[in-house]
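Visitor: Residue numbers (full-length UniProt numbering), protein chains in the order written: chain A, 1 to 333; chain B, 1 to 333.
Read the hints as simulated data drawn from the structure, not as lab findings. Just so we're clear, the structure is a prediction, and the values are computed from it rather than from any experiment. Heads up, some of the hints might be wrong.
All copies of an identical chain are treated as equivalent in the list; a pair is satisfied when it fits inside any one copy or across any two copies.
[Said to hold, decoys possible] 27 Å max Cα-Cα, derived DSS-like pairs, lysine-lysine:
(1) Lys251 <-> Lys206
(2) Lys24 <-> Lys298
(3) Lys251 <-> Lys202
(4) Lys167 <-> Lys286
(5) Lys80 <-> Lys319
There are 2 protein chains.
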Amino acid sequence: MNEQILLAERPKGMPTEQTFTFEKVDMPSINEGEVLVKTLYLSVDPYMRGRMNDTKSYVPPFQLNEVISGGIVGKVVESKADSFQEGEIVTGYLEWKRYSKASAKHLQKVDPNLAPISTALGVLGMPGLTAYFGLLDIGQPKEGETVVVSGAAGAVGTIVGQIAKIKGARVVGIAGSQEKIDYLKNELGFDAVINYKEDDVKQAVKDACPNGVDVYFDNVGGEISDAVTSQLNKFARIPLCGQIALYNLEKADIGPRVQRQLLINSALMKGFIVGDYAEQFPEGIKQLGEWVQQGRIKYSENIVEGFENVPSAFLGLFKGENLGKQLVKVADQ
Amino acid sequence: MNEQILLAERPKGMPTEQTFTFEKVDMPSINEGEVLVKTLYLSVDPYMRGRMNDTKSYVPPFQLNEVISGGIVGKVVESKADSFQEGEIVTGYLEWKRYSKASAKHLQKVDPNLAPISTALGVLGMPGLTAYFGLLDIGQPKEGETVVVSGAAGAVGTIVGQIAKIKGARVVGIAGSQEKIDYLKNELGFDAVINYKEDDVKQAVKDACPNGVDVYFDNVGGEISDAVTSQLNKFARIPLCGQIALYNLEKADIGPRVQRQLLINSALMKGFIVGDYAEQFPEGIKQLGEWVQQGRIKYSENIVEGFENVPSAFLGLFKGENLGKQLVKVADQ
Chain A
1 MNEQILLAER PKGMPTEQTF TFEKVDMPSI NEGEVLVKTL YLSVDPYMRG RMNDTKSYVP
61 PFQLNEVISG GIVGKVVESK ADSFQEGEIV TGYLEWKRYS KASAKHLQKV DPNLAPISTA
121 LGVLGMPGLT AYFGLLDIGQ PKEGETVVVS GAAGAVGTIV GQIAKIKGAR VVGIAGSQEK
181 IDYLKNELGF DAVINYKEDD VKQAVKDACP NGVDVYFDNV GGEISDAVTS QLNKFARIPL
241 CGQIALYNLE KADIGPRVQR QLLINSALMK GFIVGDYAEQ FPEGIKQLGE WVQQGRIKYS
301 ENIVEGFENV PSAFLGLFKG ENLGKQLVKV ADQ
Chain B
1 MNEQILLAER PKGMPTEQTF TFEKVDMPSI NEGEVLVKTL YLSVDPYMRG RMNDTKSYVP
61 PFQLNEVISG GIVGKVVESK ADSFQEGEIV TGYLEWKRYS KASAKHLQKV DPNLAPISTA
121 LGVLGMPGLT AYFGLLDIGQ PKEGETVVVS GAAGAVGTIV GQIAKIKGAR VVGIAGSQEK
181 IDYLKNELGF DAVINYKEDD VKQAVKDACP NGVDVYFDNV GGEISDAVTS QLNKFARIPL
241 CGQIALYNLE KADIGPRVQR QLLINSALMK GFIVGDYAEQ FPEGIKQLGE WVQQGRIKYS
301 ENIVEGFENV PSAFLGLFKG ENLGKQLVKV ADQ
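Given the sequences, and given the hints that come with them, work out the whole structure.
Guide: Right, here's the structure in full:
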């Protein structure tokens, strides 16, 4: 039997288990040029919260009572496309189903000999590419500069910090638990990590960045980012990647306007989504793959087992539960 | 006799006549390599308000009970430097005095045959170069795009709008009086101008920019800028030039954080000061000079007569009194 997950309601504030409905459905039948994919790993990502609102964002909203979609790694179980064979591992942007059909042109092959296949949703997929292009194209860290990254223990933040270290920067993370702090410092080589739940963040940024902040990779927004942007250096760069602090906010996001800080420091702030760099994905995946194989980039995955646990894995993103990439393992190969 | 203007107090909020003190002093005597300059025109600029506070900004604060300084056009009345002759017209960053001495290396010559000498403080000086580099390097307007400029009738805004027209953009200004609106539309060819004192700015931006905003050249900050940034297009660019709305603000600048708008539009915001482009000044002055001579850029000057009226000319900047570049004519050649 097949099964899928629908958006049952548009959440006000924090989503709950009631945001989702499970539904049993028939197995899809495929046409010429299509492929039937068995879902193996399913990605839950903070940006999906934005799509649950019925407002303009960088991707269109999910529709009520329709199937939610996102990044999937799966196995081809039937193919009517010349370019895919049964048994091959693929990734793509598919619906949250145990079995999906997809047009061949919307799938990419995953090489299981290069790295574990789940990395196609993490370090060698959307989060890794987000870190790579946001940091290198917008942040442009130089040797000896100070790079601060918020959401440092997440799928994007862990990669940002390690690429910044490769580029010779001093790296300061912001995270929310002692376990994450220990991991970032001891395993990934971050120079300092601030605990935003316990520290006075502004003072902690001052202490951790005695030479000021040259690059701030912003995954969170809100008051944490206000604290960092008060410590910018001349010509600082701020890639705006996410604003997780806002995703569940029910009111307007009011705070100190950042413009003065940008003005007095001739600083740059730029929003982006990974799709802005789609033409350069092959270059990014190649470089990230090399760094992973050389052991210069480590990655961490937080894997929940079972399709039935997709909602709780998603909700955990907003409770700061995940260290590294949050995935759901739906089935064995 | 010589005379100078000191900073008498650090203003809280709006400066007043009491912010300034006049003082009679001796004529300076010059040493080898120095030049004695008679002040002819003196520039008053909004950014100077920031220097009256004792806080970090992009230029160091003025000191209490010390002479204020700024852009000057003057005549060499005595020279002990080989590079300058008596009678030549020069410009530089000098003290607010009727007669100043200056090191030759801090002065540039002004060619009185190229354009009226006062333009060295306007279209062919700091405000013109601010418009030129901020718009072209950060804003990068393309043919058919929509460029919005606030403070549109000021020294910088009038030039921004005209350069944007030269580049083939649709140009929308924001200004504060019917006289200014008529000037911008009828004399400078702006496509639309919003009256921020009378219109609902957000609605007016929507109406004036049916295809959204591609470039927002921000001279003012505050609520006017909030209204514009709510209408950005994908990949919009925002040169942050000034925040005149803030200069006299006594409390923190609180409002909707702009980060979400930048994120969902992959938009760029960058602060700058004209000095960031110092190495390219000759290129900018040459291009602006050509456009002025071709009649493609018109400029407007608001000239107050008399050294004694420097404070009132400065205060007028914050009352929206000036159309174009605000100058004080201190003496005839």
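Visitor: Could you run down the list of hints and mark each one as holding or not?
Guide: A quick look at each hint next to the structure:
1. In this assembly of identical chains, the alpha carbons of Lys251 and Lys206 lie at most 27 Å apart only when taken from different copies (23 Å versus 30 Å within one copy).
2. When the C-alpha separation of Lys24 and Lys298 is checked against a cutoff of 27 Å, the pair qualifies neither within a copy, at 38 Å, nor between copies, at 70 Å.
3. With identical chains, the CA atoms of Lys251 and Lys202 are at most 27 Å apart both within one copy (24 Å) and between copies (19 Å).
4. When the C-alpha separation of Lys167 and Lys286 is checked against a cutoff of 27 Å, the pair qualifies only within one copy, where the shortest distance is 17 Å, while the shortest distance between copies is 39 Å.
5. For the identical chains of this complex, Lys80 and Lys319 are neighbours neither inside a copy (42 Å) nor across copies (72 Å), given an alpha-carbon limit of 27 Å.
Hint compliance for this structure: hints 2, 5 are broken, all remaining hints hold.
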